[in-house]
Amino acid sequence: MGEEISRFMDGEVDGAEADVVYRQLKHSEGRATWVCYHVIGDALRGSARHLPGFSERFAQRMALEPTVLAPKPRANAGLPFAWAAAATLAAVVVVGWVAVTLFDTQPTALATAREAGSVRATVAKAQPVAPDYLIAHQEYSPTTPIQGVGPYLRPASAGGVDAGK
Amino acid sequence: MGDREVDQQLVERAQRGDKQAFELLVLKYQRKLSRLLSRFVRDPAEVEDVTQEAFIKAYRALPNFRGDSAFYTWLYRIGINTAKNYLVALGRRAPTTTEFNHEEAEGFEDAEQLRDASTPESELHGKEIAATVNRAMDALPEDLRTAITLREIEGLSYEEIANVMGCPIGTVRSRIFRARDAIAAELRPLLGTDKDRRW
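Sequence lines, in order, name chains A and B. Mapping to the numbering used here: the first sequence position 17 is 17, numbers consecutive. Mapping to the numbering used here: the second sequence position 29 is 29, numbers consecutive.
If you are wondering where the hints come from, they were derived from the structure by calculation, not from laboratory data. A couple of the hints might just be wrong.
Unchecked claim - Pairs of lysine to aspartate or glutamate residues, derived as EDC-like cross-links and limited to a Cα-Cα distance of at most 16 Å, are as follows:
1) Lys84(B) <-> Asp49(B)
2) Lys19(B) <-> Glu56(A)
3) Lys127(B) <-> Glu186(B)
4) Lys84(B) <-> Glu53(B)
5) Lys84(B) <-> Glu46(B)
6) Lys26(A) <-> Glu4(A)
7) Lys57(B) <-> Glu65(A)
8) Lys84(B) <-> Asp43(B)
9) Lys26(A) <-> Asp18(B)
10) Lys19(B) <-> Glu65(A)
To be verified - With beta-carbon atoms standing in for the labels, derived distance ranges:
11) Val95(A) <-> Ile169(B): 48 to 58 Å
12) Val88(B) <-> Glu65(A): 23 to 33 Å
13) Arg61(A) <-> Arg16(B): 17 to 27 Å
14) Asn81(B) <-> Ala99(A): 49 to 59 Å
15) Gly91(B) <-> Gly46(A): 16 to 26 Å
16) Asn134(B) <-> Glu17(A): 12 to 22 Å
17) Gly155(B) <-> Val95(A): 25 to 35 Å
18) Ala59(A) <-> Ala131(B): 20 to 30 Å
19) Ile169(B) <-> Ala87(A): 24 to 34 Å
Owing to the predicted nature of the structure, the values given are computational and were not obtained by experimental measurement. Ideal Cβ positions, reconstructed from N, Cα and C, are used throughout, including at glycine.
Excised from the complex, chain B in its bound form (with noise of 0.2 Å):
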């Protein structure tokens, strides 16, 4: 089971009824869609609008979605849409230069090639994110750094990873665990992410 198919499994459990599902799809592809969104508007606040609008037109649509693309494929033809919409209603033109196609935004993660419309704070918190997250890499074994770069940057699976590592699968497993544990430790202040705060 890949990536794909977690989110086809909460896509059936949204499908069923279950928003909370729903929610944690929100809370996976916020980041990747409003950074693809903002190359259509430039304006932060409208940014998120539009990602929102988005999210929420995505959940209307779930009845329809029968899983023939990928979740993200689906909902990041949806966000062109609601921003291209967006644009026409306030009388402005779609940039040119998004016209690239579904294929490349599920690869879309080369931050030179966007220009952010982040504001200055949000602009400095995310440098901070990726300078913890860095230090806490850099702060790792050698064989946790390797199994989570094959897994999050390669993308490889962990049978993939078992064979690249010669190790056995449950070995990947605890380390990709405790890789992101470690990192997840020197992160959590930065979110604020504590138990009664909601996501």
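Chain A extracted, bound-state conformation (with noise of 0.2 Å):
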């Protein structure tokens, strides 16, 4: 017994080891070789202080003490943790796909836009619009400020102002 004792004070046993050390710690015979080997460690660091039945009456003390319970480590104690780097990962994929798809599709988009463009260049230019039909229909502008006022606006054109000259 002696043996397992004197290495799991200088913490060379552990796991289900420790658990049968500590057993044999709780009976009288384990805690006397506890208390001699400590003893002994700490005569030879210089300290022999001996204090005669101190350990009886902190026992009765402590016979009077409240046990304490810590309260138990939560085994989901990192679930947070986790789920604040699940979030952080998630927004991270979301903004880094939409920039990539921005990137990616713009310099289609102003390529259409430019080909839109020309397109109704085009259009215009083959299919030229009577001056006399805008003119006509301008009330229905939306360009026009105020709607419905057309009829009273006197219409002039560059035509107009050329006769006049």
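Could you use the hints to bring the two separately framed chains together as a complex?
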């Protein structure tokens, strides 16, 4: 028994073997060995102080103390961190995906826009709208600030001015 | 696993409601702590009261101990505060010479630094223990004496001792145990550590 206690107090025992040693230390013989070995260590380090009866008196006081119980660390204590990490990762993925999508599509979109512009210009050239038609329907144009006042506006055209000259 | 881990194991058992585990820590550190606190409190009876109070406070505060520091470092702080509060309650002032830090306290073993508040009887008893241990050490074979010295005084691990002594770890285990066992055989009658006595 002494060898296990000797190794235990030196930190050379762990796991299931530590439980076995610990059970030995609950018995008076094991505790006596524990005390004796620690006194030897203290004496070799120059501290051979002896406290007769200290442990007995302390045990009496301890008997009056309510047993302390530390809250058991939760098994899922790391879960909030895991959720936070997952949320961060998801956010990074979403932002990254959006960014990549935008960067990928922007040149195409620009090209399409240019193409559309050129098509519109071509169409405009191909089918010119008569000025008379535009003047007649000016009141329906969304560019007119006051709707419905078209009939009261005096149409003026470059042709008119030229005619006046 | 080192000394700190051994203490941590016992602390965790005590935190789960095992009072005996805490008592093992008390048995381990009672001499060291009472010697430290005797720097604050001169009277031997008061030293014991303050030491016991410090251990009780440590036990009550055990749920708050998370192992961020070594158990003895934590216990040391509680002990110092208990001694200071005790002196304040008595209208005395804590000696300023005790303002050393906890790292110093970890290796606080030098007898010359201390003015020990021992009774003449306990002082004599302490000297008898020291003499008995020294005598038993001298009687040990060289390899056992070297192994126990490297462990207890130099604080080397079994692996380090095996390297120093050029032998397997199993041999180191055996030598340290045999050294302790031989010294304990001489020491037990002096300590009165018989089977039926509570420690």
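Evaluated hints:
1. Simply put, lysine 84(B) and aspartate 49(B) have alpha-carbon atoms about 13 Å apart, close enough for the 16 Å limit, and the pair holds.
2. Straight-line distance between C-alpha atoms of lysine 19(B) and glutamate 56(A) comes to about 14 Å, which keeps the hinted pair within the 16 Å bound.
3. The straight-line distance between the Cα atoms of lysine 127(B) and glutamate 186(B) is roughly 14 Å, inside the 16 Å bound, and the hint therefore holds.
4. Of the supplied pair hints, the one linking lysine 84(B) and glutamate 53(B) holds, its CA atoms being roughly 12 Å apart against a limit of 16 Å.
5. In summary, the hint linking lysine 84(B) to glutamate 46(B) is supported, as the alpha carbons are separated by about 13 Å, within the 16 Å threshold.
6. About 14 Å separates the Cα atoms of lysine 26(A) and glutamate 4(A), which keeps this hinted pair within 16 Å; it holds.
7. Proposed proximity of lysine 57(B) and glutamate 65(A) is supported: the alpha carbons are some 10 Å apart, at most 16 Å.
8. Note on lysine 84(B) and aspartate 43(B): the hinted pairing holds, with a Cα-Cα distance of about 15 Å set against a maximum of 16 Å.
9. Only pairs whose Cα atoms come within 16 Å are accepted, and lysine 26(A) paired with aspartate 18(B) is accepted, the gap being roughly 11 Å.
10. Among the hinted pairs, lysine 19(B) with glutamate 65(A) is consistent with the structure: their alpha-carbon atoms are about 10 Å apart, no more than 16 Å.
11. Checked against the hint of 48 to 58 Å, the pair valine 95(A) and isoleucine 169(B) passes, with Cβ atoms roughly 55 Å apart.
12. Taking 23 to 33 Å as the suggested C-beta distance range, the pair valine 88(B) and glutamate 65(A) conforms, at roughly 24 Å.
13. A beta carbon spacing of about 21 Å between arginine 61(A) and arginine 16(B) agrees with the range 17 to 27 Å that was offered as a hint.
14. Distance hint check: the CB atoms of asparagine 81(B) and alanine 99(A) are about 57 Å apart, consistent with the given range 49 to 59 Å.
15. For the pair glycine 91(B) and glycine 46(A), the beta carbons lie near 34 Å from each other, so the given range of 16 to 26 Å is not met.
16. Checked against the hint of 12 to 22 Å, the pair asparagine 134(B) and glutamate 17(A) fails, with Cβ atoms roughly 33 Å apart.
17. In this structure the supplied range 25 to 35 Å is violated for glycine 155(B) paired with valine 95(A), their Cβ-Cβ distance being about 54 Å.
18. Roughly 29 Å separates the CB atoms of alanine 59(A) and alanine 131(B), a value that falls within the hinted 20 to 30 Å.
19. Taken as a hint, the range 24 to 34 Å is violated for the pair isoleucine 169(B) and alanine 87(A), whose Cβ atoms sit roughly 48 Å apart.
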